[in-house]
Every structure is written in C-alpha cells, then in structure tokens.
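Listed here are the chains, written in short residue letters.
There are 2 protein chains.
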Amino acid sequence: MVTARTTTRGAPGARSNLADRIYQRLKAEMNDFRVVPGDRLSEAEIGLRFGVSRTPVRQALFRLRDEGFLDVAAKSGWYVRPLDFAKLDDLYDLRITLELASVARLCARSRGSDAELDRLRATWLVPVSGRLENPREVGALDEEFHASLVRAAGNAEISRVHADVTERIRVVRRLDFTRSDRISATYFEHAKILRAVMHYKADQAAMLLRAHIEQSKIEVRKITLSTLFEARSRPRGTR
Amino acid sequence: MVTARTTTRGAPGARSNLADRIYQRLKAEMNDFRVVPGDRLSEAEIGLRFGVSRTPVRQALFRLRDEGFLDVAAKSGWYVRPLDFAKLDDLYDLRITLELASVARLCARSRGSDAELDRLRATWLVPVSGRLENPREVGALDEEFHASLVRAAGNAEISRVHADVTERIRVVRRLDFTRSDRISATYFEHAKILRAVMHYKADQAAMLLRAHIEQSKIEVRKITLSTLFEARSRPRGTR
DNA sequence: GTAGACCATCTGGTATACAAGTTAGTACAC
DNA sequence: GTGTACTAACTTGTATACCAGATGGTCTAC
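As you go down the protein sequences, you meet chains A and B in turn.
Counting from 1, one number per residue, gives the positions in the first sequence under our numbering.
Counting from 1, one number per residue, gives the positions in the second sequence under our numbering.
Since the hints were derived computationally from the structure, they do not count as laboratory data.
Keep in mind that the hints are not guaranteed to be accurate.
Identical chains blur together in the list; that is why a pair holds if it fits in one copy or across any two.
[To be verified] Below are the DSSO-like pairs computed for lysine-lysine, each with C-alpha atoms no more than 30 Å apart in a straight line:
1. 75 <-> 27
2. 217 <-> 27
3. 27 <-> 201
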C-alpha cells in the first residue's frame, strides 16, 4: 500500500530527480498499453531509451514493484505482473468499501458545506451536448469524479488508498470507456448519485454507488488479455 | 499504498538481497523506538553500521519513504517523519472502515465455515490465568486478532491495506499496552466481539468493534512525543 | 558583540565498474 | 534426428567514484 506519494514538493511536474521522472514515464507506458502484462523489461534497455543510467531506473522499477505492478526475478529480469482477475475483483470491492464509507460521511455533513460538491455538479450535471466523448478524457473524468467524492469526505488516508486502488485498476477500467453506451451510462449514473448526495439521501446514494461500481466490475470481467494486446496495436488517438 | 510485499518467495527470512534485509532492520529499529520521529538518518552511516554499501541502503530508505515513514531532503538528509496525529486519526478511521466491512462480510458467511474463527477463539476466549501480560506480546497478539478478522473475510486486497495501516500505527498503538488495565480491557472486548461474530450478530459485532477501535484511538491521542522518547531510553525488556 | 561572507565538510543524486547467476543458442556426440 | 554439454551473452545485485548542492562553523569587518 503503500503508496504513491509526491516527495519533491514544488512546481507540479518539475520533479528534480530522474527516478521520479522515469517512474512516471514507465507507469504512463503501462496505462497506454505500450507495455502489457507479461512483458519483460530490462534495466539497461530502459536506461538507454530514456538516456539515464541504471541507478534511477532501478529506483523507479523497485517502486513499481512495491506498488504491485512489476515482479523481479533475481539475475533474470523484470516482468509486468500478469492480470489477476481475482485481485481486480478484490480491488473493486475495496473501492466499494471506501467509497460507500465516504458517501455515508458526506451525507452526514453539515448543511451548506458543499464547496467540493459544487465543482462536481458543474462537471456531471450537464446537458448531453456538453458531454465529453473521448474515451481517454472520460476515463480521467470518471476517476476524478470518484476521487472527489472520497476527498470531500475529508479523510486523507482513505483518499490516498483510494487513489492507489484507482491506479491499480486503471489499465482495465479505461477499456470500459471505449464503448459509447458505457460513457452515457456513466454520465447518467454519476448524475443520479450526485443528486442523492446533494439531498442527503444516504441510503439511496449508497445503493446507487454500489450498483454503479458493481456494474463497472462486471464489465471489467469481460476484458480478456487479448483485449489488452489489441489495444496496444491500435494507433494512439483511439485509445 | 503501497505496500509491504514479499518479492523473494521461498524460505521465510531467507531474503537473498541486502536491500530487503536493511529494510526490515530499519523498520524494526523504528518499532523498537531506537529511532523516533524527527531523527536524522544518513545513508553512509547506515551502510557503515550494517556493513553494506549505500546502494542497498538507499533501496530500503526509498521504500520506507514510499510507505510514508521517512522523508528525504535533497543533498540534506533523511528524516523520520514527525508524528502526525491528524494522520493517525485518519488511519484509525480507515481501520474502522476496513474492519467493519470485514466483520459485516463475516457475519454474512455461510454456516459452518469457521476455520479461521476457531483459531481466534483458542487465543482470546481463555481464562484470565492463560492470558499474556508482556506488552510486546500482547501488542503482537492484538494486531494478529484484527488481522485475522479481516483475513477471514476473504478479500486479499483489503487485508493488504489493513496490514499497511497496522504498520503505520504500530509505533503508537504498542504504547497503549504498557498499561495492564488496557491489556485486560483488550482481552474482554476481543472476547465479546468474537462471540458476536460467531453468533452472526452483525449489528452487535459492528457496534462493539467500532467502540473498541475508537477507544484505542482515544488512548493514542494521549500519547505525546515525549512518551516516545521516554520509551527509547527504557531497557528492552519492558517495552 | 553582532552581522555577514567564506570555506571545509557532509549530504544525497547519478553514473560506472565489477560480481555472480540465468538464459539461450550452438556445437558435438550418438 | 535427438539429446546433452558447453559457452557466450545478458541479467540483476552490489560496491565504488564523482558531482553538485546544502550546511554549519569560523573568521573578518564593523
């Protein structure tokens, strides 16, 4: 659980050290399907590709290992962990647990403190014409919706763990938004959840949220390894 | 969140690489109050002390940083993160969330599948004469009680996060068991929780568990930084 | 006595060198 | 054709070398 944490505070993206930069780029490659589960990585090759020595590469790799993305076999090589659907199921259930707890706390909030919720409303309670359609953008927006709900509940540690879970399921979750019917369903369900929370309807919000995530979990079950390999061969724009 | 994950499978404790060994020893030093929040660490000094080079030391330090125990200031030094009581509060609330979800799932279990629970009963439903008294042992046992509850619920990811939370709060939690009245209270409350779970009394189990952890959280609030420094100077046996 | 500039020293960040184990391919024996 | 032994190339694990920046004490000017 550890965890994804920014150490070098300051201007965003202005990471001073190479290790953090390599870490970001490697994770981006995984999320872009440029490397997929089962792929083999070599410290030297990565260093060569990014123009740095093995030292910062190793730091990044070990961090990714600790976060559960990679495995290392001594003197043999690094491997992207295979997709473990049982683990993804568990992660989705953990997500449900965290988000339900957050929404419960949100619905018990004092009247009037809706700053964070107002921002969500501006994004999700929009007419059909104002909706985004790019799967990549919608995926990012969906993550932000759920992260905001949790953040609004005010527990930084729950937010942190929730963010970690989000990172771990991202690679399959994003594939869900390649279908336009799933995109409109997402807008529809988010709006309903948001209205329930705004009106302090705890039970209804919990019920809707659970169903929303469970549905997403079911869709992910349909993802197979071949889907991922297909995504890799597709040109960048359609991802 | 990262997370404490064993990479080198095989004989327990037979870690082949130095980095993992240094990691374990450093964390042990923190749990033994040999290093306390605010302390400054130097890569060279640690390497000298353990007889290894800076390389494995740095791997261990960065892992501890990612897990939230340390901070590093470029070209300046490593520091044990100060105790953040707001963060500890959040961690305790996260613990409550995870354990309540687990117990709820446990109470919804099918009749008869009590293998894990039976083991807990043997430890906690004992006469007063069979109780442990050593704070260190009781602390470990208490952690194991809660970990077992979560594990019995069957979600590996929730177990992992719960284990991480346990590691993060351990340093203050253990101080709670230096008082004998707190030890007997722990035995008493664990027994009650266990009985409720065994008899499928979901609501009662949840209520008891929440109260149990909340009480522990309140005790921890009384811990001050000076308590930790006192603990450091005390001889090993009494810790 | 005090403020400020300077420099020796220590720090982590990065690159490189070496050690030791794994893997894969090839040549050889049959 | 097949199986095996060997070796050469490649892998990570660890130690070391070097750099730039932060730090803290001292010396100087006032």
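### Structure versus earlier hints, numbers of those that do not hold, lowest first
3
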